[in-house]
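Q: Here's the letter readout for the chains.
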Amino acid sequence: MPDVDFVSLTAYAKQFSGLTPEYEGLLQEIGPQVKPLLMEVTESFYGVLQSIDKTKPFIDGKVESLKKTHLHWMETMFTGPYDEKYTAWMYKVGDVHVKVRLPVEFMAGGITIIGNTLHPIIAGLCGTDHGRCVKLASAINAMLGFSLMVMQESYQASSLAAELEKFLAITGMSRTLFDNLARAYK
Amino acid sequence: MRADLLNSILNELNGTSADIEASGVISTDGLMMASQLPAGMDEDRVGAMSAAMLSLGDRTAQELARGHLEQVLVKGNKGYVLMTHAGSEAVVTVLAKPNAKLGLIFLDVKRAAEQISKLV
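Protein sequence lines correspond, in order, to chains A and B.
Read in order, the letters of the first sequence are residues 1 to 186 in the working numbering.
Read in order, the letters of the second sequence are residues 1 to 120 in the working numbering.
Worth flagging that the hints you see were computed from the coordinates, not collected in a lab.
Predicted model only: the values in this text are computed from it and were never measured.
Please note that the accuracy of each hint is not assured.
In silico DMTMM-like links for lysine to aspartate or glutamate, alpha-carbon gap of 20 Å or less [to be verified]:
no.: 1; chain 1: B; residue 1: 110; chain 2: B; residue 2: 89
no.: 2; chain 1: A; residue 1: 85; chain 2: A; residue 2: 24
no.: 3; chain 1: A; residue 1: 166; chain 2: B; residue 2: 43
no.: 4; chain 1: A; residue 1: 186; chain 2: B; residue 2: 42
no.: 5; chain 1: A; residue 1: 166; chain 2: B; residue 2: 58
no.: 6; chain 1: A; residue 1: 186; chain 2: B; residue 2: 63
no.: 7; chain 1: A; residue 1: 186; chain 2: B; residue 2: 43
no.: 8; chain 1: A; residue 1: 186; chain 2: B; residue 2: 29
Which chain B residues face chain A? A few, computed with CB under 8 Å, are given here [said to hold, decoys possible]:
no.: 9; residue: 2
no.: 10; residue: 29
no.: 11; residue: 40
no.: 12; residue: 42
no.: 13; residue: 48
no.: 14; residue: 51
no.: 15; residue: 55
no.: 16; residue: 59
Every residue gets a Cβ at the ideal spot worked out from N, C-alpha and C, and that includes glycine.
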């Protein structure tokens with residue numbers, strides 16, 4: 001993985017996604033209530049992925065182990081902390097997606113599935129307090145957007161790195177020569 | 001010291017034919033080691049581009065079963081670029097006029113490349 005300033009990336013992604021300290025607090029506050037219901041989200045997530053022809057081959061034979069990781073991630077979304085360590089984790093996820101050659105749309109698609117499942121759960125917990133419901137929905141959107149943004153950032157970086165490695169292998173150029181070439185045309 | 005020796009080889013090479021307009025010795029990583037280039041020509045670009053072309057030439061010769069690469073020749077309407085291995089660590093690049101007598105230049109460059117390969 002390249003050198004990444006995760007502190008800056010965390011701040012940037014939070015600014016973009018709107019994950020404010022207030023929303024972070026809300027997510028943590030509702031965490032104990034949501035936690036017992038998260039398995040439902042994970043089950044639904046993999047249920048949808050198994051029903052899509054293009055995604056199914058990527059998860060066949062490893063769904064149970066993937067569910068454990070997914071559930072752990074879901075729980076972390078409601079416990080925090082939402083710091084550079086979390087960002088580094090999401091960054092790693094994007095990198096792994098490239099290494100296992102998952103198409104880029106799987107990340108945005110996956111986040112959408114999670115959002116679609118989480119929102120009704122949250123609505124059920126809010127009761128008639130619509131104001132709180134709207135805030136919680138926004139907090140979840142911000143959290144999911146934050147995570148997606150970091151994953152896509154590393155996906156892009158890793159994709160470019162993988163393409164460059166392929167280019168260097170095909171042309172026989174050393175990395176140093178490529179860097180010198182790039183520097184000459186800065 | 002080494003740069004002086006390389007420059008003197010390039011000087012001599014440029015003097016062998018009026019058709020040679022410029023020359024340089026470049027590491028296989030694309031860094032210019034010595035050069036006799038016209039003013040305004042970017043050393044870094046000439047160096048990196050020459051090494052990249054030679055690297056691609058190496059791969060092409062290998063992939064298309066042409067054996068060990070000796071040189072890469074680029075012809076444009078304003079002249080030639082000739083890139084030749086000088087040992088395994090360096091490249092000699094020569095820029096020549098459009099009507100240059102290539103046979104003679106090939107011989108002179110080959111001789112210069114042999115001398116350079118002993119220095120790098």
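Q: Which hints from the list above does the structure break, by number from lowest to highest?
A: Violated hints: 3, 6, 9, 11; rest satisfied.
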